[in-house]
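**Q** Chains as they are written, first to last, in the working numbering: chain A, 1 to 132; chain B, 1 to 274; chain C, 1 to 497.
You may find that some hints are simply not true.
Claimed, not checked - Below, computed lysine-lysine pairings styled on DSS-like, alpha-carbon distance capped at 25 angstroms:
1. B:K109 <-> B:K269
2. B:K269 <-> B:K135
3. B:K91 <-> C:K28
4. A:K31 <-> B:K2
5. B:K193 <-> B:K91
6. A:K118 <-> B:K269
7. A:K36 <-> B:K2
8. A:K118 <-> B:K91
9. C:K28 <-> B:K269
10. C:K357 <-> C:K109
11. C:K109 <-> B:K193
12. C:K28 <-> C:K109
13. C:K109 <-> B:K91
14. A:K58 <-> B:K44
15. B:K193 <-> C:K28
16. A:K31 <-> A:K118
To be verified - Just the calculated beta-carbon pair ranges, DEER-fashion:
17. C:R27 <-> B:A154: 32 to 38 angstroms
18. B:D131 <-> C:I358: 56 to 62 angstroms
19. A:D79 <-> B:R21: 27 to 33 angstroms
20. C:K56 <-> B:F148: 49 to 55 angstroms
21. C:P227 <-> B:R21: 27 to 33 angstroms
22. C:A103 <-> B:T194: 23 to 29 angstroms
23. B:R21 <-> C:S197: 22 to 28 angstroms
24. C:A104 <-> B:L150: 42 to 48 angstroms
25. B:T228 <-> C:P33: 29 to 35 angstroms
Keep in mind the hints are simulated off the structure, nothing from the lab.
Where is the CB? At the ideal position from N, CA and C, for every residue including glycine.
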Amino acid sequence: MTDLIPVIVAKYNYWLYIVLMMIGLYAMIAKNNLIKKLVGMNIFQTSIILFYVSMGCKTGGATIPIIQHGLGVGHHAIDPAHYVNPLPHVLMLTAIVVSVSTFGVAVALAIKIYQRHKTLEEDEILAQSRER
Amino acid sequence: MKTAGLIIVVLAGAILLYATRDFPPWGAPDSPASTHVSPRYLQKSMEETAVPNVVTSVLADYRGFDTMFETTVIFCAGIGCFALLRILRRKPEDRYYRHIATEITLHLKGGKLPEKSREFERIDTLWTPYDLIIKTMCRILVPFIQLFALYVIAHGHHSPGGGFQGGVILGASMILVAISHNMRTAIGRISEKTDNLLMPTGVFIYAGIGTLCLILGANFLDYSGLSTILFSGPIMARSHGIFGVEIGVGITVMAVMISIYNNLASAGKQDEGL
Amino acid sequence: MNDHYPALLIISPLLFSYLTSAAAWIRKGLCYPLAVVGSGLSAWFSVWLFANVLQKGTIEYRLGGWEAPWGIGYRVDTLNGLVLTVVSVLAFINLVSTRRSVAAEFPEKEGAFYTLYLLFIVGLVGMTVTGDLFNLYVLLEVASLTSYALIALGGGRAPLASLNYLFMGTIGGCFYLLGVGYLYIMTGSLNMADVASLLPAIHTSSAVWVAFTFCMVGVGLKMAFFPLHVWLPNAYTYAPSAVSSLIAPLMTKVMVYVMIRLMISVFSLDFIFGYLKVADPMVWLSVLAIIMGALLALAQKNLKRMFCYIIVSEIGYMVGGAWLGNAAGMTGAILHILNDALMTITLFLAAGNIYYKINGLEFHQLRGLFHRMPLTMACFVTAALSIIGVPPTCGFFSKWYLITGALQAGQYGFLAALLFSSLVNVILFFRVIEISYYGDMQHAHGHGSPSEPRTEAPATMLTPLLIVSTGLVIIGMYTGTIVTTLIDPIIPAALAR
Chain A
1 MTDLIPVIVA KYNYWLYIVL MMIGLYAMIA KNNLIKKLVG MNIFQTSIIL FYVSMGCKTG
61 GATIPIIQHG LGVGHHAIDP AHYVNPLPHV LMLTAIVVSV STFGVAVALA IKIYQRHKTL
121 EEDEILAQSR ER
Chain B
1 MKTAGLIIVV LAGAILLYAT RDFPPWGAPD SPASTHVSPR YLQKSMEETA VPNVVTSVLA
61 DYRGFDTMFE TTVIFCAGIG CFALLRILRR KPEDRYYRHI ATEITLHLKG GKLPEKSREF
121 ERIDTLWTPY DLIIKTMCRI LVPFIQLFAL YVIAHGHHSP GGGFQGGVIL GASMILVAIS
181 HNMRTAIGRI SEKTDNLLMP TGVFIYAGIG TLCLILGANF LDYSGLSTIL FSGPIMARSH
241 GIFGVEIGVG ITVMAVMISI YNNLASAGKQ DEGL
Chain C
1 MNDHYPALLI ISPLLFSYLT SAAAWIRKGL CYPLAVVGSG LSAWFSVWLF ANVLQKGTIE
61 YRLGGWEAPW GIGYRVDTLN GLVLTVVSVL AFINLVSTRR SVAAEFPEKE GAFYTLYLLF
121 IVGLVGMTVT GDLFNLYVLL EVASLTSYAL IALGGGRAPL ASLNYLFMGT IGGCFYLLGV
181 GYLYIMTGSL NMADVASLLP AIHTSSAVWV AFTFCMVGVG LKMAFFPLHV WLPNAYTYAP
241 SAVSSLIAPL MTKVMVYVMI RLMISVFSLD FIFGYLKVAD PMVWLSVLAI IMGALLALAQ
301 KNLKRMFCYI IVSEIGYMVG GAWLGNAAGM TGAILHILND ALMTITLFLA AGNIYYKING
361 LEFHQLRGLF HRMPLTMACF VTAALSIIGV PPTCGFFSKW YLITGALQAG QYGFLAALLF
421 SSLVNVILFF RVIEISYYGD MQHAHGHGSP SEPRTEAPAT MLTPLLIVST GLVIIGMYTG
481 TIVTTLIDPI IPAALAR
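Please build the complete structure, drawing on both the sequences and the hints.
**A** What follows is the structure in structure tokens.
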């Protein structure tokens, strides 16, 4: 039991985000209302973003990746261990924009579906489509 | 469907959790992610691009090509919402007008009064009372918000910020006008045609700077090629190139945010919003 | 200028899409010409780039001037070059044919349509040419978003079909991103060649095979591999005809290319076939895909829907061929990317012409079509022969390689599925040909000569169809050259011959 605790401390952030991802994925698959599916999609994408950002963290008091004044270019050398890994942040800026764009197009589609079917529950929409 | 979904989700979660046992511990300084590619960004960003904010220099210079397509993604979303929702030729419908002097409400079925009439003002179908405090405070705040947004865009080299963040704040300022007043006021400030012309302008600036580098002899998006026309060394040319593309990104993001809000809130009619 | 072709072929449609979007609000008549120029430039540059690759070998291009893995690098070899040329040339041919149908179906959204069209081309071309894993994700999302919007432009049930496609496509893209994230944690790099050099040292760790699984499931969702295909029939059937003839041939084939690229260049074939023992289950899944696609196609009464299930079956061919584990199978799969793109675009262009003239695609509406639209139906018959696998059309040759590969690998189930699917295709197409040729004999009053006037589709819609259907025969006749010069160099020596 005691050797489980170091494992949990070392990996708990990944486990937490994977659980969040699965909650979002379940909402996308299993819920009936289109808006609930959209919310699930948002949870899923956000948890992937958090997963990536957490992998850039460095222990030992690392700070944000903005080089402090007076370092570099002939002054004191820059120690990468003082700064958080910038690459996951960059990748996730892109992923956030992609997530927002997909959400915008999805809401536009939901509005069009509502204008035609007057409901947002998927089973009612399918029943209406079968009748036509 | 729910049981099938539950089985899939539990299976996927179990596989993902199982794989984490081989991960390096969280925050370990010798993990591959911290030691392979990214130390060079931290060590060389100042001397190669003269930009202290390493996230901005990686975003706009080292991996600037990705950022150009990210801006294209948000541009696609704006065009997509326009293409899906916008109703350009509408049948005449009911309009409500309020006579300002006597506060009588008129309901016109299928007709309309001139837009800039002094005696009658057009009100939304779900009319809420005129709220002086909200309108005045928002009107006072909007210029400061926009100034802050321009600061965020321009100061992205030295503090967290950049084009996307500043563009969203600019868009939010116009959405504030649309919420606190009504959508027709906001559209009166930035018309639909201006907004739809601003959308491609920003991304065109980004791709245009890259093509300019190509024409001047360097690779695509290699800002050091701009050093001939900017009269500075290649390192400062990179810094200026990053600033130029951030401006382009900010313009496009602002225009897209406003366009998406207008189209979604009015379901394509651009007439009455929330 | 020669060196910059990899960048130019992406910039030209990108810049022209922005110009088209601005032209929609300034002068509408310019939208179509600008789109044609942008797409034409992209096709032109990709053909020249492909010619350069054939002369000089693999071409690498550093974007932003930074070398990989610190910057994003492009890497073009013959596999890339082939898929690139196919995508950009077919998209250009389709663009020429869309003018009439767009003007008929949604005239006031023309500017937005052409903008989204060019951006879709940018997404597909960028996915093919890139050598960076995260760049591939961003371009995948560009292509996906534009396809969601384009598909939903058809009225009626199209928005619901597009929303379902959006949900499944987003899950696919996010699974791919998860896989890339796991690879990044284990290797620290995002460049394909760099990851490939770092993976052999850690190939026994569980994170690597989980990354592989999630990348494959994500790509499988986007390429409609059975049972993840449920979004495809609705999305492609309800899309406008100009859109379905663009997206149906190209999107799924580019995703098959991505799968083959991940198999060959990132996770090496030694790892996949030697360490992971999933080749057999994948081939059995492909068998299931082929059979289910064929059976479901038999049950359809709408021409476009039948084509969609044929696509599901063809994806089964390609995935099965790639996972057979020998050179003949992989050659068949790569050759089938080219052939299937041609066959599918011919079918969907023919369906577009038919829909433009008679405004419907149910079987009972197709009566007597042979007499009214002879050229369109002649091209349709050529495509039908190619899908069935009749020489000298190209479909025969890719099936031949797949059958050879199945025999060599001992996968008799795959062989049986290929033959079964050819038989079912015969039934499917002869049913349609019978209805459209003999359909109005009962109304003919015994005159013997058809009394329907010839109402063929307009020239801008007919010419592209004629070009691609003659391409089917020409590519078939040059198969030997294609295989030896283009495909053989890419197949790694690790695959048994």
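**Q** State, for the Cβ atoms of D131 of chain B and I358 of chain C, whether the hinted interval 56 to 62 angstroms holds or is violated.
**A** Holds, since D131 of chain B and I358 of chain C (Cβ atoms, about 57 angstroms apart) stay within the stated range.
**Q** Is 27 to 33 angstroms right for how far apart the beta carbons of P227 of chain C and R21 of chain B are?
**A** holds, 30 angstroms
**Q** Take a quick look at whether K193 of chain B and K28 of chain C sit within 25 angstroms of each other, Cα to Cα.
**A** holds, 13 angstroms
**Q** Quick check: does the Cβ-Cβ distance between R21 of chain B and S197 of chain C fall within 22 to 28 angstroms?
**A** holds, 25 angstroms
**Q** Is K36 of chain A close enough to K2 of chain B, meaning Cα to Cα at most 25 angstroms?
**A** holds, 14 angstroms
**Q** Given the hint that K109 of chain B pairs with K269 of chain B, test it: the Cα-Cα distance must not exceed 25 angstroms.
**A** holds, 17 angstroms
**Q** Has the given pair, K28 of chain C with K269 of chain B, been kept, meaning a C-alpha gap of at most 25 angstroms?
**A** Given that 25 angstroms is the threshold and the Cα spacing comes to 21 angstroms, the pair holds.
**Q** So the hint says 27 to 33 angstroms: do the beta-carbon atoms of D79 of chain A and R21 of chain B match that?
**A** holds, 30 angstroms
**Q** Checking one constraint from the list: CA of K91 of chain B to CA of K28 of chain C, max 25 angstroms. Satisfied?
**A** OK: K91 of chain B and K28 of chain C at ~23 angstroms, within 25 angstroms.
**Q** Decide if the proposed pair is consistent with the structure: K193 of chain B and K91 of chain B, CA atoms, cutoff 25 angstroms inclusive.
**A** holds, 21 angstroms
**Q** Can you let me know if the beta-carbon spacing of K56 of chain C and F148 of chain B is within 49 to 55 angstroms?
**A** holds, 52 angstroms
**Q** Against the 25 angstroms threshold, does the CA-CA distance of K269 of chain B and K135 of chain B hold or violate the hint?
**A** holds, 24 angstroms
Hint compliance for this structure: no hint is broken.
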